[in-house]
Amino acid sequence: MMISAAAHRPPLAAGWLASAPPILSLAQRHWLFRPGALTAGLRQVGHVRLRVLAEYADGASADEARAMRIAPGAPVWVREVLMSVDGIDSVPARSLTPLRASHGAWQGMRRLLTRPLADMLYHDSTVVRSPFACRLLASPVPFYATAAGVLIHNGRERDAQRVWARRSVFWRQGQPLLVAECFLPDFWTLQAGRQAPPLVPHQRTPR
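Residue numbers (my numbering): 1 to 207.
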């Protein structure tokens, strides 16, 4: 999948950065701007398990609507998941698309169950992806609540103030799919001392 043309570069909402700030480590820069399927990279670190946290209809926040080029409050379909690596909760992810697109161009996201989003993204040559943006998560960004909920469940509430996230927009048939992922502190501990895994093609998850 190729990075899209400038026409598909999402406007930056407040707090989101188009490039890595100097305070990030080399490992953080790698994972926050790593191209290709994140699942494929995580599988090189360890055994990946995906758990669906929630799927629901909602109104788009101003932050997410700006990236998707839709009106704030427009109806969207949201999918939130948590990926663990070798049993360690590592990467929460939040995906959303206009509600109508969830029955059309992006209807596949309603049928994924516990399969990763990459299963429907990286085997379709018509899909284009915007460049990444990153930020330190904070309220009222909706994704902050997702990550904080996982950390609170694990007794790590104080870590919610130091979670970095990335996001990009996939386009298919003119319809946006916003995908945000963040890396919990335990993931960086798991990664410590390891070389960044090479880029490899995504392999579909067996049904």
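Derived by calculation from the structure, the hints in this document are not laboratory data.
Every value quoted in this text rests on a predicted model; they were computed, and no experiment measured them.
Beta carbons: idealized from backbone N, C-alpha and C, even for Gly.
Misleading hints may appear alongside valid ones.
[Stated by the list, open to error] What follows is a list of derived Cβ distance ranges for each label pair:
hint	residue 1	residue 2	range
1	ARG9	GLY36	12 to 22 Å
2	GLY155	VAL52	31 to 41 Å
3	ALA145	PHE33	18 to 28 Å
(message) Under the constraints set out in the numbered hints, which ones does this structure not fulfil?
(response) 2
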